[in-house]
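J.: Sequence:
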Amino acid sequence: WSEIASNWQGMDDTILLTFWITGAVFVAIGLFMAYCIWKYKYNKNKKADYEPENSKLEWALTILTTIGVIALLAPGLIVWNNFVTVPKGAYEIEVVGQQWYWMYRLPGKDGVLGTTDIKNINDDNPFGLNTDDPHSIDDVLIDADDLHLLKDQVVKLNLRALDVLHDFYVPQFRAKMDMVPGMITYYWFTPIKTGTFEILCAEYCGTGHYSMLGYVIVDEEEDYNEWLSEQMTFEEVLASNGKSDLIKIALNKKNDL
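Numbering (the working numbering), first residue to last: 1 to 257.
Misleading hints may appear alongside valid ones.
The calculated lysine-lysine pairs, modelled on DSSO-like cross-linking and capped at a C-alpha distance of 30 angstroms, are [claimed, not checked]:
1) Lys109 with Lys151
2) Lys88 with Lys156
3) Lys88 with Lys109
4) Lys156 with Lys193
5) Lys109 with Lys193
6) Lys176 with Lys88
7) Lys46 with Lys56
8) Lys176 with Lys193
I should point out that these hints are in silico values taken from the structure, not numbers from a laboratory. Just so you know, these numbers come straight off a predicted model, no measurement behind them.
Please put together the full structure from these sequences, using the hints given.
T.: As structure tokens, then:
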């Protein structure tokens, strides 16, 4: 599979462990069947024997099965618990999926993402930001399919869908999660390698599903800051659309803090 570019090596380790366990069981069952074919082949001098029960065999099979289930289930549960337990101080980014493209929202200088409401969504406010939330005005809006991240920075992705089910998936990060309309789902990771990595939608979302592609570009700090400085804030987007009245509302709320 593709080279890993995040901290989720545990995902690969769990899959490999599953392959080894299921592979060993497959070989054991195959050998057992071959042994039975040889041992119990037709012989006119043999008679069938019926054994109503064998408690030792039943206990042995029960214990072996239990061990196998635990060996398969426990590593996955451990990784899943880590996957949904976000470290403190993670940098929050909102990912919005819509037929058939991606959008992103980053916190501004205040370091806090503003609140949203689907009732606010329109051409001037595609994210549905609340203009009376003082934290909204400096949010950085990326109305494009590509997202830049800073190498070695812990990132929490808050995932929203505006229409149907989507799934934000970057194979090299070993991370994915369904995006459900009306809900905010999430996961976290740390990009550990610079480079460009393809974004896929891993949930069928309509006739244009195949085209819902993008790229995550992991940068060193200098390149990342340069890219970030070129992006527009919510305030700048409103100004460019002639919505100065909404800017005043948001700024007044911010000054009241």
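J.: Work down the list of hints and note, for each, if the structure agrees.
T.: To see whether the hints hold, each was checked on the structure:
1. Annotation: proposed proximity of lysine 109 to lysine 151 holds, straight-line Cα distance about 20 angstroms (limit 30 angstroms).
2. Using a Cα cut-off of 30 angstroms, the hinted pair lysine 88 and lysine 156 holds, with the two alpha carbons roughly 10 angstroms apart.
3. Between lysine 88 and lysine 109, the direct Cα distance comes to roughly 19 angstroms. Compliance with the 30 angstroms bound is thereby established for this hinted pair.
4. Between the alpha carbons of lysine 156 and lysine 193 the distance comes to roughly 17 angstroms, so the proposed pair stays at or under 30 angstroms and holds.
5. Distance restraint check for lysine 109 and lysine 193: the Cα-Cα separation of roughly 26 angstroms lies within the 30 angstroms cut-off, and the hinted pair is therefore satisfied.
6. This hinted pair checks out: lysine 176 and lysine 88 have alpha carbons roughly 21 angstroms apart, not beyond 30 angstroms.
7. With a C-alpha separation of about 25 angstroms, the suggested pair lysine 46 and lysine 56 falls inside the 30 angstroms cut-off, and the hint holds.
8. Taking the CA atoms of lysine 176 and lysine 193, the gap is near 18 angstroms; set against the 30 angstroms cutoff, the hint holds.
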